[in-house]
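A.B. asks: Based on these hints, arrange chain B on the given structure of chain A.
Going line by line, the protein sequences match chains A and B. Okay, so the first sequence: first residue is 1 according to our numbering, each after it adds one. Okay, so the second sequence: first residue is 1001 according to our numbering, each after it adds one.
Be a bit skeptical, because a hint or two may be false.
[Unchecked claim] Residues from chain A shown here face chain B by an in silico Cβ test under 7 Å; the list is partial:
hint, residue
1, Pro-82
2, His-88
3, Leu-99
4, Pro-103
[Unchecked claim] With beta-carbon atoms standing in for the labels, derived distance ranges:
hint, chain 1, residue 1, chain 2, residue 2, range
5, B, Leu-1261, A, Gly-133, 20 to 26 Å
6, B, Arg-1323, A, Gly-133, 25 to 31 Å
7, B, Gly-1153, A, Arg-255, 50 to 56 Å
Simulated from the structure, these hints should not be mistaken for lab results. Since the model is a prediction, treat every value here as computed from it, not as a measurement. For glycine and all other residues, C-beta sits at the position ideal for the given N, C-alpha and C.
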Amino acid sequence: MRLVARNLHLAFDGRLALDGVALAVEPGEIIGLLGPNAAGKTTLLRVLAGLAVPDAGTMRLDGTPLAAVSRGVRARRIAYLPQNATCHWPLAVERMVALGRIPHLGPLAREGAADRAAIADAMAACEVTHLAGRPVTALSGGEQARALLARALAGTPDLLLADEPVSHLDPYHRLRVMELLRAIAQGGGAVVVALHDLSLASRFCDRLVLMDRGRVAAEGAPAAVLTAPVLGRVFGISVTLLDGGDHPVVVPRARLDGAAREMPS
Amino acid sequence: MRGPVLMIVLIVALAAALALSLLVGSVPLAPGAVWNGLLGGGVDAVIVRDIRLPRTLLGALVGASLGLAGAALQGLLRNPLAEPGIIGASSTAALGAATAFYFGLAGSHPLAVAGASMAGALLAVALVHALAGRDASVLTLILAGVAVSAFAGALTALAINLASSAWAALEITFWLLGSLADRSMQHVAVAAPPMIVGWALLVSCARPLDALSLGEETARSLGVGLGGVRFRLVLGTALAVGAAVSVSGAIGFVGLVVPHLLRPLVDHRPGRLLLPSALGGAVLVLLADVAVRLLSVTVEVRLGVITALLGAPFFLWLVRRTRRTLA
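Chain A on its own, in the form it takes in the complex (with noise of 0.2 Å):
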């Protein structure tokens, strides 16, 4: 799986929300996206889910314009996990799995066998096997994101797009996530997920995607995005990096003088 995005470009409200984005993402890699809030992150995952047409630009999947793709095969090939993510009902944690599966189903068919293996694997793989009866709604949040995570995994997609998956949760069940969405990825999918917490992205993403008033600002490995200059530029911030390398801890200081981070209105 090859999704390329190009120059792509979506207004609301007279706002650019994407002002000429482009990405490619690559099967086997965990793409973070960082960004003050209102930069576009939510707005880019959603196009590329297919939830948002954007007004000028292409992507590609596989070579095949996103357009072309029938809803149905871009629901099999691509699982999108948004912010806030929840369900409504006190679903049993294997039926609300389960659900990930809708993509593959004909109109009329029940599960079959290869339905309720990937419900397993998916359950098994976010170890909420131990769950699977329960109600969703009775979950603890780390149980809860694991859950919805399984969810997103059961439909066996080649890229998951996962907005701010763990900003509600501890640093404990932080890692559990980040440690998932790595397995993923070592398992040949791909993931674009979309992060607040910088040092987290440094640890387990492959590449960053840094976003800014709907643009790329900077894009690359871990250390050569998270630089001083450019968080100061992009987030008003001054940081402290520790730890060097390859995989920067970035540790936020102060605001900056005269950083005007409202939007314009």
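C.D. replies: Frame of chain A, contents of chain B only:
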């Protein structure tokens, strides 16, 4: 309870409710006489086949429509407090009927009221869609439904207000309270086809409703065409509920209570809730109508009054319980 067991229990309950509805009436008939009458023999054939059978069939059809539409809309809106009236079809159907009474069309043809009522329900679909648009959020859909309901309610009140006589006003008011009395097989014939089309549209949305458990964005990412699903649900509800209101008047709370009672028995799965809710709705309306016949000694107690008397306290309990889970 496993799915098949629940369905068997409900089918048995429906059969019992159908039998009870045929057995109970102002003229006491022995079960044997009812059976003979049903087969067309004996002196009681007129009572059984022309009075009790259409009433029973309508009770089952109306109840199934209300239960099914309630379950479907609760799934669409992901809210256990939703009911079929929320998209405006019930109140516009009532307005259609009130208009027919107001202009004196009720006497012109036995089905004039039903026809006007059905037309009102379809008008609701058009209005809600024009107001909310195809890609609108669920919230916009509800708001459009509420606006349409409020306006239809105001116009219905106006029809009562301006009625030519007190009797005419009373006729509309009484009709609105809901009843299955004095209905004929003609009513069954006019209500059943739109109901069945509506049921088919609603049941076809079972899997999208399951997907919607995860929210609209995720459902769309699973390949669900949300605009089409929403249209099928709104049209299906308007057809089924519009036809129900057109032959029975307004019967509240069935579409709210039945799906809510049955939901835990299908493990909260929205798609699996549809058929049991149809069966449960039929049972509830049939039993309520039997109660109507037992309670109506001098004046007919209206069916809508009975369901509201049973439903409203339940609703209070529901609100209380929801408040507790939210707290």
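A.B. asks: Okay, Arg-1323(B) versus Gly-133(A) on CB: inside 25 to 31 Å?
C.D. replies: holds, 27 Å
A.B. asks: Within 20 to 26 Å or not, the Cβ separation of Leu-1261(B) and Gly-133(A)?
C.D. replies: holds, 22 Å
A.B. asks: Any CB of chain B closer than 7 Å to the CB of Pro-103(A)?
C.D. replies: holds, 5 Å
A.B. asks: Quick check on Leu-99(A) please, does its C-beta sit within 7 Å of some C-beta on chain B?
C.D. replies: holds, 6 Å
A.B. asks: Is the hint on His-88(A) kept, meaning its closest Cβ partner in chain B is under 7 Å away?
C.D. replies: Result: holds, 4 Å to nearest chain B Cβ.
A.B. asks: How does the Cβ-Cβ distance of Gly-1153(B) and Arg-255(A) compare with 50 to 56 Å: does it lie in that range?
C.D. replies: holds, 55 Å
A.B. asks: Please verify that hint: Pro-82(A), Cβ, nearest Cβ of chain B, below 7 Å or not.
C.D. replies: holds, 5 Å
The earlier numbered hints are all upheld by this structure, with none contradicted.
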